[in-house]
Amino acid sequence: MDIVKKHHRVALSMRRLQPIVLVAMLSVVLCACGYAFFYLKHDPLLTDLGQRLQGMSPQHPLGTDHLGRDTFTRLLLGGQQTLGYSLLALGTALLLGIPFGLLAGYRRGWVDRIFVRISNGFLAFPDTIVAIVLSGLLGAGIGNLVMAIVIVKWVNYARLVRSIVLGEAEKDYIRIARTNGLPSGTIMRRHLLPHVIGHVLVMASLDLGKIILLISSFSYIGLGTQPPLPEWGAMLNDARPYFQSRPELMLFPGIAIVITVLLANMLGDMLRDRFDVKKDDWSREVPS
Amino acid sequence: MLELNKLTIRSRESVLVEEVSLSVGAGEWMALVGESGSGKSLLSQSISGLLPTGVGASGSIRWNDQELMTLPARQLRKLRGKEIAYIFQDYQGAFTPFRTIAQHMDEYQQVHGEKNRQQRRERSQQALESMSLSVELLNRYPFQLSGGQLQRAAIALALLLSPRLVIADEATTALDSVSGHRILELLRQKQQETGCAILFITHDWRHVRRYADRIAVMKEGKVVESGNRHRVLDHPRHPYTRQLIAAAPMLERPEPTLRSGLEPLHALEGQSQ
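Chains A and B are the protein sequences, given in the same order. Take the first sequence: its letters are residues 0 to 287, numbered as in numbering that gives the first Met the number 0. Take the second sequence: its letters are residues 0 to 272, numbered as in numbering that gives the first Met the number 0.
Check each hint, because a few of them may be wrong.
Claimed, not checked - Here are the simulated lysine-lysine pairs, DSS-like style, with alpha carbons at most 27 Å apart:
| # | chain 1 | residue 1 | chain 2 | residue 2 |
| --- | --- | --- | --- | --- |
| 1 | B | Lys81 | A | Lys170 |
| 2 | B | Lys5 | B | Lys218 |
| 3 | A | Lys170 | B | Lys77 |
Said to hold, decoys possible - Calculated from the model, a selection of chain B residues having no Cβ within reach of chain A, i.e. all distances over 12 Å:
| # | residue |
| --- | --- |
| 4 | Asn4 |
| 5 | Ser10 |
| 6 | Ser35 |
| 7 | Ser43 |
| 8 | Gly80 |
| 9 | Glu82 |
| 10 | Gln91 |
| 11 | Gln109 |
| 12 | Ser145 |
| 13 | Asn227 |
| 14 | Leu232 |
Because the hints were derived from the structure by calculation, they are not lab data. Quick caveat, the model's predicted, so the values are computed rather than measured. Just so you know, even glycine gets a beta-carbon here, dropped at the ideal spot from N, CA and C.
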């Protein structure tokens with residue numbers, strides 16, 4: 000009995016610690032990338048053919064790439080690019096999707112009908128295919144890639160928000176808010192939006208990992224960040240020809256992607272558990 | 000004050016309310032009686048333009064000198080809550096769960112043009128006090144209130160801006176008869192204070208008997224009979240009204256009985272009812 004209790008207590012403290020650890024690790028990644036804004040020991044864009052393909056050294060902690068650029072510096076700057084553009088794409092998709100979903104769900108009528116047609120159209124194709132076609136059409140470049148991702152992703156958020164709002168708008172407190180003469184804008188902003196935010200946050204954090212992967216893989220095939228700017232996916236691609244002699248050149252950006260995506264997904268899972276009211280929360284109490 | 004003239008409400012398939020004409024005078028307690036599905040609630044919703052989607056109304060609704068049917072949505076919205084307020088059956092879900100009572104009341108006054116924050120606060124407090132609720136409830140969330148408190152708070156919210164017409168749509172249906180009467184007493188008291196009119200929608204004859212000034216009886220989307228309380232209750236003209244009155248459960252004054260308690264006196268004397 001005692002051992003069960005002890006085990007439970009350990010599991011409990013692990014559960015309590017998990018979010019802290021997770022947030023701390025994410026902050027480390029973000030801070031490291033943010034730090035590159037202020038100070039870089041080496042110019043990440045300066046080619047120095049005399050220094051190419053160096054191993055690890057005090058001078059270059061992670062070595063140099065095929066053009067003699069410091070890998071560590073490029074990794075940090077690449078993180079800025081990858082994470083920055085992922086967050087930009089995610090944020091824009093949210094800014095578009097939430098209001099549209101609120102409007103379609105609350106107003107119904109023609110706004111809703113048009114929206115449903117559009118979203119059904121998007122649903123018919125996998126995200127990645129649409130993104131490839133779009134960025135192919137718009138042309139290579141990170142700006143166009145972000146735009147393509149936003150176009151693909153906003154529909155998902157709008158759909159989610161719409162479905163929640165459809166359910167909520169039928170409830171009495173919304174009806175009463177309307178009979179009390181509150182304007183639609185106020186009702187959507189103050190009485191419906193807070194309902195939606197939790198769900199949207201969960202979906203967004205789960206999506207962050209996917210978007211990071213999308214941006215990296217598009218840069219890998221040359222549709223994203225253009226050289227000489229570093230980006231984790233692009234760095235992978237740059238290192239490809241030297242995989243035999245210098246495998247670590249591919250390893251470092253690869254690990255960076257894996258860690259960041261994992262952290263983002265874990266954060267998403269954690270948020271989902273937090274907001275999931277149906278799951279009974281055994282972590283709250285220790286059984287006596 | 001409120002005058003419905005040949006109001007017809009129809010959905011795509013059927014006519015739900017047919018050519019209803021009805022009027023509510025200032026300070027009057029008007030009861031609209033009828034069985035479920037007779038179109039009472041639709042009628043009340045149409046007054047402030049809140050019909051569900053897919054349902055349309057035609058005819059005329061006059062509010063003082065305005066024609067509500069043709070009034071722009073923005074002006075109609077300003078009328079709602081300020082001049083025409085609603086009280087509904089379900090008070091449990093009357094408040095947005097994550098906003099305090101004070102936030103509701105504050106917001107409500109704000110959208111109807113009260114700019115002074117202090118004044119809004121004072122008015123909210125008065126509204127709660129007049130419903131004999133403690134001012135402390137202002138900073139509570141809806142789930143922290145008991146059912147009775149919630150309902151009184153909901154009524155306080157509806158009466159906050161002293162509307163001239165209160166539409167009580169089955170306001171007491173979900174309550175036991177004691178709390179139902181308590182609520183209606185409060186409403187009557189409020190009515191005497193502010194002189195507002197009440198359109199009281201119900202299928203409960205007990206309340207109608209006790210409070211209504213005038214009665215309209217609805218059946219299958221039509222008003223079959225309307226008139227003063229005594230006229231309708233004591234001399235019903237339409238067979239449906241008679242049927243309704245006969246069907247209503249009523250507690251008669253206990254009849255004088257013999258000591259044995261077995262039979263009423265007049266039965267022995269050969270009187271029949």
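Hint check:
no.	hint	in the structure
1	Lys81(B) with Lys170(A)	holds (22 Å)
2	Lys5(B) with Lys218(B)	holds (15 Å)
3	Lys170(A) with Lys77(B)	holds (22 Å)
4	Asn4	holds (23 Å)
5	Ser10	holds (15 Å)
6	Ser35	holds (18 Å)
7	Ser43	violated (10 Å)
8	Gly80	violated (4 Å)
9	Glu82	violated (9 Å)
10	Gln91	violated (8 Å)
11	Gln109	violated (9 Å)
12	Ser145	holds (18 Å)
13	Asn227	holds (29 Å)
14	Leu232	holds (30 Å)
Of the numbered hints listed earlier, those contradicted by the structure are 7, 8, 9, 10, 11.
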